[in-house]
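> Generate the whole structure from the sequences, applying the supplied hints.
In case it helps, the numbering used here puts the sequence shown at residues 4 to 256.
The set of hints was computed from the structure by calculation and includes no laboratory data.
Be aware that a few hints might be false.
Taking CB as the label site, the calculated pair distances span [to be verified]: (1) T201 - E180: 16 to 22 Å; (2) A52 - T233: 30 to 36 Å; (3) E97 - L128: 37 to 43 Å.
Each computed SDA-like pair below joins lysine to any residue, with the alpha-carbon atoms no more than 20 Å apart [claimed, not checked]: (4) K104 - A237; (5) K127 - K28; (6) K116 - K104; (7) K120 - A194; (8) K104 - S147; (9) K120 - K104; (10) K104 - E18; (11) K116 - L128; (12) K120 - D189; (13) K67 - K197.
All values reported here derive from a predicted model rather than from experimental measurement.
We put the CB at the ideal spot given by N, CA and C, even for glycine.
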Amino acid sequence: MNIRKVGNEVSARSEAEVNASGELKSLLLESIPQMGPKWDIHLPAFLTAPSLARMLWLDTVYRKAMEVPGCLVEFGSQWGASLNTFLLLKQIHEPWNAGRKILSFSTFGDGFKSADKQDGANVKLGDYSVADEWEVNLRHLLKSHAARSPIGAEANFEVIPGDARETFRAYLEAHPELILSHVHFDMDVYAPTKDLITVCVARMPRGAILIFDELNCPPFPGETVALQETLGLANLALRKSPFQPYSAYAIVG
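What follows is the structure in structure tokens.
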């Protein structure tokens, strides 16, 4: 695998993949104005296999803990692709479940707030940052999606910007009732992942699901190191699916 830095992100795409992606992007931008009011119905024409595989993976892990009460938390949302997918899955699988709020804790415009030796050579402070104040646009985007929900936007999601090591603890203090059914770790780096794993597990009943995006991942070793140093790999029945190379989950209990 040829790993290289493209902007502030790590990429393993070949030149052919990059060119094909550029062509799809151009066609999409050209075609959307011509698609009419139901443009969203036609978007799968531009969907790539990796994007679809990602959605199938997120659907798999979402359904694994649907019978567990609690909220779904995502650490590291970047532009909001996985976050929105989780919100849409909730609307599909359990539209009336006001107790399953989707919570996002992410640095957004600041990118990585830590870069330790455990993270390897690829990680730099500020990597994976998005546009300034993107969380404002993301809330608006999610609210538009939640307009189709029978319980409305307020009961469906919250977006909390900042360093999750601080913001999540503050959220727990403000919400002593919080139970976690799904926890999606997608911060990529060591320090915040290690800090929050045990904090989250204390709020997770048996049957809840821990989801990791970069386990056994050479470009981002920090997430695996964090898990090993907290819960211990040998203590978990980690499972993956054919849809994603480095994503894995473990059921609590």
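> If you draw a straight line from the CA of K120 to the CA of D189, is it 20 Å or shorter?
Given that 20 Å is the threshold and the Cα spacing comes to 19 Å, the pair holds.
> Against the 20 Å threshold, does the CA-CA distance of K104 and A237 hold or violate the hint?
Measuring from Cα to Cα gives roughly 31 Å; hence the hint is violated.
> Would you check the hint for K104 and S147, treating anything up to 20 Å between C-alpha atoms as holding?
16 Å, holds
> With the threshold set at 20 Å, check whether the alpha-carbon distance from K120 to K104 stays at or below it.
35 Å, violated
> Between the alpha carbons of K116 and K104, is the straight-line distance 20 Å or under?
26 Å, violated
> Run the distance test for K120 versus A194: straight-line Cα separation, threshold 20 Å.
The hint holds at about 10 Å.
> Holds or violated: K104 with E18, Cα cutoff 20 Å?
40 Å, violated
> How does the Cβ-Cβ distance of A52 and T233 compare with 30 to 36 Å: does it lie in that range?
Holds, since A52 and T233 (Cβ atoms, about 34 Å apart) stay within the stated range.
> Is K67 close enough to K197, meaning Cα to Cα at most 20 Å?
24 Å, violated
> Using the C-beta atoms of T201 and E180, is the stated range 16 to 22 Å upheld?
20 Å, holds
> Given the proposed pairing of K116 with L128, does the C-alpha separation stay at or below 20 Å?
Holds: K116 and L128 sit about 6 Å apart, inside 20 Å.
> Would you check the hint for K127 and K28, treating anything up to 20 Å between C-alpha atoms as holding?
28 Å, violated
When each numbered hint is compared with the structure, violations occur for hints 4, 5, 6, 9, 10, 13.
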